[in-house]
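J.: Spelled out from the first residue to the last, the chains are:
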Amino acid sequence: MSSIEEFRARALAWLEKNAKPFDEAAEYDLEGSSVPLEESKRFQKALWEAGFAGITWPREYGGQGLGPEELIAFNQEAADFDLPVGPFVIGLGMPGPTILELGTEAQKKRYLPPLLRGDEIWCQLFSEPSGGSDVASLQTTARRTGNGWVINGQKVWTSGAQWSDFGTIIARTDPTVPKHQGITMFIVDMHHPGVTVRPLVVATGQAPFNEVFFDNVEVPTDAVVGEVNQGWGAAVVMLRNERVTIGTGTRARSNPLGFDSLLELARARELETDTAVRRRLAMLYARESSLTAYGRVLHEETTAGAEIGARGSAAKLAGAELALWAADLAQDIIGSDIALGGADVERVITAIVAAPGGATAGGTNEIQRNIIGERVLGLAKDPGVDRNTPFNQLKLSR
Amino acid sequence: MSLIFTDDQKSLAQTVRRFVAQRTPLPKVREVIGSDQAYDPEVWAQLAGELGLAGLTIPEEYGGAGATQADLSAALRELGAGLVPSPLLACLLAAGTLLALDDETVRQELLPQIAEGGLVATLAVSEPGDRRWIPAQPVTSAAHPDGRITLSGMKAAVLNGAEADVLLVQARGPQGTRIYLVQRSAAGLTITRDEVVDPTRSSATVTFDSTPARLVAGDAAAALDHVADLANLAIAAEQSGAMLACLTMTNEYARIRYAFGQPIGAYQGVKHKLADMYNLWALSDAALREAARAADEEPAKLGVSAAAARALTSPGYLTSAKNTMLLHGGIGFTWEHDAHFFYKNAIASNVLAGDADYQLDRLADKLGV
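In the order they appear, the protein sequences are chains H and V.
Take the first sequence: its letter number 134 is residue 134 in the numbering used here, and every next letter is one higher.
Take the second sequence: its letter number 45 is residue 1045 in the numbering used here, and every next letter is one higher.
These are calculated hints, taken from the structure and not from any lab test.
One or more hints might be untrue.
As the list claims (entries may be wrong) - So the derived list for chain V, only partly shown, Cβ under 10 Å to chain H, looks like this:
#1 Gly1265
#2 Gln1268
#3 Leu1283
The beta carbon of each residue, even a glycine, is placed where N, CA and C say it ideally should be.
Sequences and hints are given; from them, build the entire structure.
T.: Shown next as structure tokens:
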């Protein structure tokens, strides 16, 4: 057996002993988590102790120092299990890799091991109420003081802020230069008394996100990630990681709008032999499996040393479009009963209502199309009339 | 095995791409289309001989190269991108049929000739009035009086029927539906080349009137079911290549064509359509890679994955070819521009070896829905 196959076998054995298979009927609370926070922390620690956390991260920062092949093998085996690691997904997928890439030695030593061990939870603080798609027009400020910086402003759509210990925030540090040039990324302590977290209730009635208010929150000089006024570049690195995570992260078996789920729904209504429904289910399967294959292509290219660049946006757009399309199919399968709801369709209806949210989170479909057009196809940039204007002379939403 | 190209596949694709650019670029394809030939025999001889594409997936024991389906699809993408007229697809499906059947004598006789490009073989399954590519109960019948076999009936949309040296014909005989071999020189055989929408692909209507034929031993239904997968795989590869050609052509135009003081690609009305074309190509090409992988290492999944790939490449190509015409504006609607050739090819290849609904029904069947 190759070392990869040994690793895979060890991962599967561990998962079978320590993790639960997906339970369709599991009760998810309003924050979208199926287990208490303490249980998530215990599980993440156990995962790390068994050698399955930070698989590709260097050993000196608590990682396993292995290659992408091991990571892919673990993810493939883990796809059949419901790992209660929700609170850690953001930290491990976005701030973690960004600190790994841009952080100082001291930052990496201080922050990465506790994240992998499940001791500390992270969030990322980018979006603001005044500009969703236009993230770079952010208005939160960081003002230099004698021994650090003071942050003031508001962030929104922050997943996991309610249980986070730290966050990566981008704030305006120089309003006299064009908007992309005066931004800095900081690590902020979410337990600072000037930080206020309020749940943001969305269309489904759940509160998977938060609004976060910063009122004279001091951070030290060494909280800067990368260079002062170079925060936009750091944010682009992080958003790119986010899109790969979102686009290819759908676990078909747990997805209420996935092929397996909608086939079951059609069978329960004796519609699976209806020609039109049957064809749409077949198309759902085709689209779903093509997205899985595309994710695999991107992973393999990364493994082979190729840059996937902005193609994470293609995966993210495809995933969002697929969910919206499947939501239409689900409604047609349920038919007029949909207005009445009911226990057997509750999860599906929640997913139908949530589908437009997926097409917005991590950048709208329109923004993804701009990114694909400009950074994958090399088309001319959007006119961007504000590109060369100092930030403090721009017209902004307030 | 992986989904991304191996070094050998990259180099094969590059060789075929260079061949297409040098020997059969679109201006040359126009010349062929304007003539009464279905394809350029010299180009075909080189495709089959020098590039070895006719025998690429034929096992070495029958004179082929014994390469994988993934190798073949790397080459087919390039031919699809260049809309290269050739009887390659017809030969691939005929060879695939012989390999899936169980007649060693016929294999020994025909496959080496097909592999070297010396013999054009094609499969005749569709019948007039039946929308399915493979009729469950063909009307074309075989009579076996005193061991002398003859066929009677009609087959439609036979790929390169007018150019083929031999035909493999699905017909109902005394022991059920079987495959029969008919020589081009046989008596009672009438072949009429079809007037087609897509001038890059030749097809014919073939009638049999007590035409002498030879039974090819083996399970016809199982063989044709497998060949339907191979057809999906091959057509999806051509379509994927053609989609990328449409995307590349339109993307280039959107960079150099100016309107209102900017390249038109700067406008979201154009940019977003191109982004959607990119996604259609990227996702359906990934599905094709998965299907080729299944063909080579997980045959149990071939039926599902090949139908899934085809269910995406067919409509994806149609949309991309249509957008290629639309985004080029007026010039895209002229005969001078190549866009209409892709559009016509997309319209015809959408229904080749089974239309969109046929593929979805087939996929649902294979999925056990």
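J.: Run every hint past the structure and note whether it holds.
T.: Evaluated hints:
1. Gly1265: holds (4 Å)
2. Gln1268: Hint holds; Gln1268/V Cβ to chain H Cβ min 7 Å, cut 10 Å.
3. Leu1283: Holds, because the Cβ-Cβ distance from Leu1283/V to chain H comes to roughly 4 Å (cut-off 10 Å).
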